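Participant: If you're matching them up, the sequences are chains A and B in order. Sequential numbering of the first sequence, starting at 1, is according to the working numbering. Sequential numbering of the second sequence, starting at 1, is according to the working numbering.
The hints are simulated quantities; they were obtained by calculation from the structure and are not laboratory data. Treat the numbers as computed from the prediction; the structure is a model and nothing was measured. Ideal placement from N, C-alpha and C gives every residue a C-beta, glycine not left out. Accuracy of the hints is not assured; some may be wrong.
[Unchecked claim] Here are the simulated lysine-lysine pairs, DSSO-like style, with alpha carbons at most 30 Å apart:
| # | chain 1 | residue 1 | chain 2 | residue 2 |
| --- | --- | --- | --- | --- |
| 1 | B | K77 | B | K49 |
| 2 | A | K57 | A | K11 |
| 3 | B | K58 | A | K57 |
| 4 | B | K58 | B | K106 |
| 5 | B | K49 | B | K69 |
| 6 | A | K11 | B | K101 |
| 7 | B | K101 | B | K69 |
| 8 | B | K101 | A | K70 |
| 9 | B | K58 | B | K22 |
| 10 | B | K69 | B | K106 |
| 11 | A | K11 | A | K70 |
| 12 | A | K57 | B | K77 |
| 13 | B | K77 | A | K70 |
| 14 | B | K106 | B | K22 |
| 15 | A | K11 | B | K106 |
| 16 | B | K69 | B | K22 |
[Said to hold, decoys possible] Covered stretches of chain B, as calculated for chain A (at least 3 residues, CB under 8 Å):
| # | stretch |
| --- | --- |
| 17 | 41 to 49 |
| 18 | 102 to 114 |
[Said to hold, decoys possible] Partial list, derived from the structure: chain B residues whose beta carbon lies under 10 Å from chain A:
| # | residue |
| --- | --- |
| 19 | V4 |
| 20 | Q6 |
| 21 | Q10 |
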Amino acid sequence: DAGITQSPRYKITETGRQVTLMCHQTWSHSYMFWYRQDLGHGLRLIYYSAAADITDKGEVPDGYVVSRSKTENFPLTLESATRSQTSVYFCASNFAGYTDTQYFGPGTRLTVL
Amino acid sequence: AQSVAQPEDQVNVAEGNPLTVKCTYSVSGNPYLFWYVQYPNRGLQFLLKYITGDNLVKGSYGFEAEFNKSQTSFHLKKPSALVSDSALYFCAVRLPNRDDKIIFGKGTRLHILP
């Protein structure tokens with residue numbers, strides 16, 4: 001199916017465990033983004049990628065790792081999950097440029113116990 | 001510091017009445033402005049954007065927004081609200097020449113009362 005997908009949609013894990021959230025887009029968009037959404041904070045950028053093998057930190061990168069070996073995939077890894085990382089995570093993409101609209105995935109709700 | 005403010009956490013409007021969701025920003029340069037909507041358990045969806053030109057921008061689902069440079073505002077409006085407009089609305093600002101830098105407001109929950 002065309003579009004941007006995220007998996008899993010829901011995840012419960014324990015403190016200290018490694019978790020990887022997947023993001024896949026079929027548009028060949030150059031740019032991809034990871035956000036977290038928390039009550040009272042809106043959306044905050046974790047990491048972004050301008051192209052394959054190019055990534056950079058956003059506003060709240062600590063505790064997260066990303067990679068982008070292929071244009072269509074942009075996984076987000078929590079190396080050692082903490083309770084403060086309980087959140088809803090959204091992946092987004094756009095073709096190029098800062099005037100371009102971002103397209104968002106459906107989100108992954110992560111709970112860290 | 002550069003920021004986007006949505007001063008109302010929640011807005012209640014009766015169905016059929018006009019609605020306004022407020023957004024103000026504080027950034028240097030000429031920003032690009034966006035409105036997104038989020039329905040329950042869904043990702044954000046694009047509504048409209050202002051890049052340049054006419055200050056009144058029309059978007060999806062009958063929404064429009066007015067860019068006011070002197071007041072640094074970009075309020076979202078609709079002449080006649082529908083119950084189905086009930087959702088969470090986000091204003092966002094993207095900075096010129098900074099592909100990475102998009103700042104979202106905290107969101108405003110819009111309730112349309114039947």
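Participant: Confirm or reject each hint.
Facilitator: Status of the hints after comparison with the structure:
Proximity of B:K77 to B:K49 is assessed by CA-CA distance (about 13 Å); at most 30 Å being required, the pair is judged to hold. At most 30 Å may separate the alpha-carbon atoms for a hinted pair to count; A:K57 and A:K11 meet this at roughly 24 Å. A threshold of 30 Å between alpha carbons decides the hint, and for B:K58 with A:K57 the separation of about 33 Å lies outside it, so the pair is violated. For the given pair, B:K58 sits about 23 Å from B:K106 by alpha-carbon distance, which is consistent with the 30 Å threshold.
Annotation: proposed proximity of B:K49 to B:K69 holds, straight-line Cα distance about 15 Å (limit 30 Å). Distance hint between A:K11 and B:K101 is fulfilled; the C-alpha atoms sit about 28 Å from each other, no more than 30 Å. Using a Cα cut-off of 30 Å, the hinted pair B:K101 and B:K69 holds, with the two alpha carbons roughly 20 Å apart. For a cut-off of 30 Å, the pair hint linking B:K101 to A:K70 stands: about 23 Å separates their Cα positions.
Only pairs whose Cα atoms come within 30 Å are accepted, and B:K58 paired with B:K22 is accepted, the gap being roughly 16 Å. Distance check on the hinted pair: B:K69 and B:K106 sit about 21 Å apart at the alpha-carbon level, within 30 Å; holds. With a C-alpha separation of about 24 Å, the suggested pair A:K11 and A:K70 falls inside the 30 Å cut-off, and the hint holds. For the given pair, A:K57 sits about 34 Å from B:K77 by alpha-carbon distance, which is inconsistent with the 30 Å threshold.
Distance check on the hinted pair: B:K77 and A:K70 sit about 40 Å apart at the alpha-carbon level, beyond 30 Å; violated. Restraint check for B:K106 and B:K22: satisfied, since their Cα atoms lie roughly 12 Å apart, inside the 30 Å limit. Distance hint between A:K11 and B:K106 is fulfilled; the C-alpha atoms sit about 24 Å from each other, no more than 30 Å. Between B:K69 and B:K22 the alpha-carbon distance is near 14 Å, which keeps this suggested pair within the 30 Å criterion.
Residues of the stretch 41 to 49 of chain B with a Cβ under 8 Å from some Cβ of chain A number 7, which satisfies the need for three, so the listed coverage holds. Coverage of the stretch 102 to 114 of chain B by chain A holds in this model, with 5 residues showing a Cβ closer than 8 Å to a Cβ of that chain against a need of three. A least Cβ separation of about 8 Å between B:V4 and chain A falls short of the 10 Å threshold, and the interface hint therefore holds. The restraint placing B:Q6 at the interface with chain A holds, with a minimum CB-CB distance near 8 Å, inside the 10 Å limit.
Restraint check, B:Q10 versus chain A: the minimum CB separation of about 13 Å is more than 10 Å; hint violated.
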